[in-house]
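Chains as they are written, first to last, in the working numbering: chain A, 1 to 344; chain B, 345 to 688; chain C, 689 to 1032; chain D, 1033 to 1376.
It should be emphasised that the hints constitute simulated quantities derived from the structure, not laboratory data. Please note that the accuracy of each hint is not assured.
Distance condition first, Cα-Cα at most 30 Å in a straight line; then the derived DSS-like pairs of lysine-lysine [to be verified]:
#, chain 1, residue 1, chain 2, residue 2
1, C, K992, C, K958
2, A, K153, A, K270
3, A, K43, A, K219
4, D, K1251, D, K1075
5, A, K219, C, K907
6, B, K563, D, K1251
Sample of chain C residues with no beta-carbon within 10 Å of chain B, all distances over it, derived [stated by the list, open to error]:
#, residue
7, R734
8, R854
9, L1028
Only a predicted model underlies this, so the values are computations on that prediction, with no experimental measurement involved. Beta carbons: idealized from backbone N, C-alpha and C, even for Gly.
Protein chains: 4
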Amino acid sequence: MVSFVNDYSQGAHEEVLRRLVETNLEPLPGYGADQYCESAKEKIRRACQCPAADVFFLVGGTQTNAVVIDGYLRSFEGVVTADTGHISVHEAGAIEFTGHKVLTLPHHAGKISAEQLRAYLQSFWQDGNHEHMVSPGMVYLSHPTEYGTLYSKDELIAISAVCRERRIPLYLDGARLGYGLASRETDVTLPLIAQCCDAFYIGGTKIGALCGEAVVFTKGAPGGFVSFMKQHGALLAKGRLLGIQFDTLFTDRLYWRISEQAIQMAELLKQVLEEAGYPFYLKSPTNQQFIILENREMERLSRKVAFGFWEALDENHTVVRFATSWATCREDVEELRRILAEKE
Amino acid sequence: MVSFVNDYSQGAHEEVLRRLVETNLEPLPGYGADQYCESAKEKIRRACQCPAADVFFLVGGTQTNAVVIDGYLRSFEGVVTADTGHISVHEAGAIEFTGHKVLTLPHHAGKISAEQLRAYLQSFWQDGNHEHMVSPGMVYLSHPTEYGTLYSKDELIAISAVCRERRIPLYLDGARLGYGLASRETDVTLPLIAQCCDAFYIGGTKIGALCGEAVVFTKGAPGGFVSFMKQHGALLAKGRLLGIQFDTLFTDRLYWRISEQAIQMAELLKQVLEEAGYPFYLKSPTNQQFIILENREMERLSRKVAFGFWEALDENHTVVRFATSWATCREDVEELRRILAEKE
Amino acid sequence: MVSFVNDYSQGAHEEVLRRLVETNLEPLPGYGADQYCESAKEKIRRACQCPAADVFFLVGGTQTNAVVIDGYLRSFEGVVTADTGHISVHEAGAIEFTGHKVLTLPHHAGKISAEQLRAYLQSFWQDGNHEHMVSPGMVYLSHPTEYGTLYSKDELIAISAVCRERRIPLYLDGARLGYGLASRETDVTLPLIAQCCDAFYIGGTKIGALCGEAVVFTKGAPGGFVSFMKQHGALLAKGRLLGIQFDTLFTDRLYWRISEQAIQMAELLKQVLEEAGYPFYLKSPTNQQFIILENREMERLSRKVAFGFWEALDENHTVVRFATSWATCREDVEELRRILAEKE
Amino acid sequence: MVSFVNDYSQGAHEEVLRRLVETNLEPLPGYGADQYCESAKEKIRRACQCPAADVFFLVGGTQTNAVVIDGYLRSFEGVVTADTGHISVHEAGAIEFTGHKVLTLPHHAGKISAEQLRAYLQSFWQDGNHEHMVSPGMVYLSHPTEYGTLYSKDELIAISAVCRERRIPLYLDGARLGYGLASRETDVTLPLIAQCCDAFYIGGTKIGALCGEAVVFTKGAPGGFVSFMKQHGALLAKGRLLGIQFDTLFTDRLYWRISEQAIQMAELLKQVLEEAGYPFYLKSPTNQQFIILENREMERLSRKVAFGFWEALDENHTVVRFATSWATCREDVEELRRILAEKE
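One chain only, chain A, in its complex shape (with noise of 0.2 Å):
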């Protein structure tokens, strides 16, 4: 069955796993001093533009948030996210498991406001109480959102300004970031984001790799990081299963030549699902598409193509998302095609 179900539904991408192959038996250094970890953090600090970022590999996303959150705020403080956020929503409480608590801002289309931000922060100190309240300690964007959505340039500026003026860190999850650079309907790029945020990541595990996320830390990271790792449980032994496969991505371009093969998916796709007719519930400008069908229809649906369900819009329509992913091709695309010209 031709599946659109999520975007780490496959293993890795081929010369990501070639290079696995090939350098498998050298004997190397552990817990990332080994020459690949070097090497891809050198690749990755060029393309940032970021010379005297220090840069970690992590082995997945909700631990990265989690290890990065835990290692910018004092005891006291929270996070301040869009309520859709990933951290909010599905981390099953892995930030609070830190001590910090999440505090939320209504989101629109998964994306808060430099405005919106300001207000709040704003509002936060002058409350006669706010010592009792949990202080806002660092804002965490993701780009794309859960929703697939972007900020642009001038909303990242506009962000990271506010959290300079408060002095507090921006962080951005970049679980899907290749696909948020690669989009036709961006200005954003790697370097801008190593200028506007404090820390990001750079995520492996839906781009092309096994597992993995690169946690760039444009300012330098938190004293003792390495400790502070493996204090979490996210210091991996063979740190090398991480660096070979970053040091490959960030090799010829192969992150972004991936990415953009998963956005020109995606592109199709929105053909093909305006063509059928379904309405969009939120089409995207990355790799997750969202569309709202109705629940029988979404019954028949299923048994041709693997989609995912996102939420009930009401009792009789429900939101699904269609993902494309580095391992979508031209063939699954034209094969859901031919499915949806059946449905009459």
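Place chains B, C and D on chain A using the hints.
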């Protein structure tokens, strides 16, 4: 200056203090193992008509909430509350510090309803991603709420029924419980609370004690609760300080008598505020009253009466709180009447 | 029955209680913002000869240790202590609850030495695997120790020097500080402690107060300490209860006077125990004395005098503790003398 | 340079890698719900002769220890271990990060005995102050230990019996379990471990996998374990990476075959080291050997062979570790023999 600023600005009721003085030199075992703690527990069990209850004394409300909630929840579970709940807003992240998310529902005058709760729990367990979300592991109510409002008998019974269907404990924060029980507009009694809840606390700090809250576990406390309290820094060496106070408060209905005094004064206060023509933001059945003041009037008034800032309503108006307590006397309210009469 | 069981079995010194009664109906701001807290802090700063110190009042010793230690340490750091330290043995894991390891060194009569500490820190930082180990982030001393022993001036200065070399804070647990300062065998003063330590607490619970410990941060408290206390459930609503007690204890040298009384009684107690021919396990310069009793003698004696079990020495002998306190009077010790005289 | 520095310096066994490549493009469900995880779990249950076991795959050893231990313990409980246990020394406080104390017993060649454990537990529960102490809530063994030593069948059964008397779970850290099972000097089998323990993990990282540890709960996992893993940042999105590796390792006895290879090489290594006349600090029955080198000899040798620093023995001597692994071949050991022969 006459003060209605809060209900914890004076020391202890004179009877309470007298007993502390009388017993002062008696050598007693530490950590709550003394006879006064035993006697107080027994009186509380009787007042609750719950002979099998476990009773513990803690020092303050935030501490009590954190210890009880952390005592019930498994690591990945959260506590459901109205978004205005004290644990959500004004405890500086004490619940999150113990590793648990506070799960909020929109409040109605500080309350949540059984219907709201049932719908939320149903939708949570139906969500295909619920394993990646924070499980609702218990429910928190405050009674009176942060707005001074009260649950009715039927409301409490209905919420309790939802909790039992889902097999999650119901916990009630009674920081101001006496003022709720003494209200003229309630059909809720202490035995009813004991029947409906798995745990609740009877607030002392705001009702006649120097400090102290009595937690009642109606079906028995979580195992090892003394060690648990010790680990949370919540086990008082001189437990007598709490035992003697609660023993006194639960002798000859003192807890009720002083609560009734506060309620009488609150009723008089409502009259006085009404006569003065101030619009009520919320006229509560307990000891806290919320009125709306035009900002210049607020400033003028604040030079003669102490009251509490609640929240900005709009650019020109502010919600303020007037609270009575066990220590408020008729002279205080009459003095307020005089001050308000001068206003023109 | 005459009791030497511990130093917290009675209420408060009569002066302390008298002031609580006198000030009882004064309306005061909550959460430690009242004038008595201010006055007490100022008196403590003066007694410490440390005008820039930040002073906070907490309720109990375990709570204080957990809050101060968690306030200083970064997530992956631990606190170094003698293996007999209260935080290591008798706080039910309160430090670990805040996420930090307690790093133990073998004690010598309850103490550690500067040499021990220096060697440990040196070997830690030389260990090639130290990034995978818990970093020593601060040092904890108790003074008097759990055995009633005292550091000398030279010892404290030497330990402080090691901490400064390594740039880690030195914290002193003064649960029984008064009894240490009033000892006839000490050259340590409160100003010396303030010079040597980054933080310490002046115990109230065991020295004349109903409850309460005064934390002194000699170089300023960690930022946001009020929120931090609130989050840890350690911010008392009626802060007056602590402020008034410490204000009284630091008026007219009351804290010293009542400590001296306990020490006089301890010296007399040593005489009486010695005359009775009991071997000392540890004859301390403060208010706790440890003797060795043959088990049958222990049982016989325990019917007439209350004392504390310390530890089993061998199958037939037990170490027991006799403690005096501010409330011990000459009659108590003379009564003990009579009881011991009857033993044949 | 020939290397015996550790057992995780190469990638994965070629069979494991081959299967990752073969299955790479198959679309599979995420988070461990795929067929390879199912198949691997079933094979592990069979190998353990424990059909009712719950099996989960985690990424690394420290993460696994923290998740399992935190999953079993109540808040105020700690885990008992030899003082040389990995969780006590080399996990940067990962256990304490979850709020639990590590309770240490003195080791004997890395092990603890049933007698030691029984005496400790008895004395704990007899201590009058045990409510103020950290309760021993489970027992942790490593097998092989950090010194490469092994428990015998009788020792494991005896320790297990103590745990059952006290009703606390027994957990075994099998980071190097294969090397223990393949030892020529053991009577312990996988089914025996499953009978004796409530939980244990079968290490993959050090035995042929890129990463991954398989946790076996012989009597069922703690409730909600998937959410618990997610909250701890330990739930891998592409669970296939772990499932496929363990499925391969447990096909055709691969896990045993590659462990046996390492043991053969370790036996040869012992011969070679012995012939060279180096005194053994500890000659282990598994893949790690510890010898004592005079410091100048250590330096000389380290230019030609890679080995691991273990600890300074005295001013002039150092304990060093030589480890074989699944990837060590006869040529490596023969090369070492040649190097050592040159030493005169």
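Inset, instruction - Verify that the Cβ of L1028 of chain C lies farther than 10 Å from every Cβ atom of chain B, and report whether the claim holds or is violated. - result: 20 Å, holds
Inset, instruction - Sort out whether K1075 of chain D lies within 30 Å of K1251 of chain D, counting only the CA atoms. - result: 17 Å, holds
Inset, instruction - Find the nearest Cβ of chain B to the Cβ of R854 of chain C and say whether that gap is larger than 10 Å. - result: At about 28 Å from chain B, R854 of chain C clears the 10 Å cut-off, so the statement holds.
Inset, instruction - Would you assess whether R734 of chain C, listed as outside the interface, keeps its beta-carbon beyond 10 Å of every beta-carbon in chain B? - result: 26 Å, holds
Legend entry - Agreement of K153 of chain A and K270 of chain A with the hint, judged by alpha carbon distance not exceeding 30 Å: Roughly 24 Å between the alpha carbons, so the hint for K153 of chain A and K270 of chain A holds.
Inset, instruction - Please work out if K992 of chain C and K958 of chain C have their alpha carbons no farther apart than 30 Å. - result: 18 Å, holds
Legend entry - Agreement of K43 of chain A and K219 of chain A with the hint, judged by alpha carbon distance not exceeding 30 Å: Given pair K43 of chain A, K219 of chain A holds - Cα atoms ~17 Å apart, limit 30 Å.
Legend entry - 30 Å limit on alpha-carbon distance, applied to hinted pair K219 of chain A and K907 of chain C: Holds, at roughly 28 Å.
Legend entry - Hint consistency between K563 of chain B and K1251 of chain D [alpha-carbon to alpha-carbon, up to 30 Å]: Roughly 28 Å separates the two Cα atoms, so the pair holds.
The structure agrees with every numbered hint stated previously.
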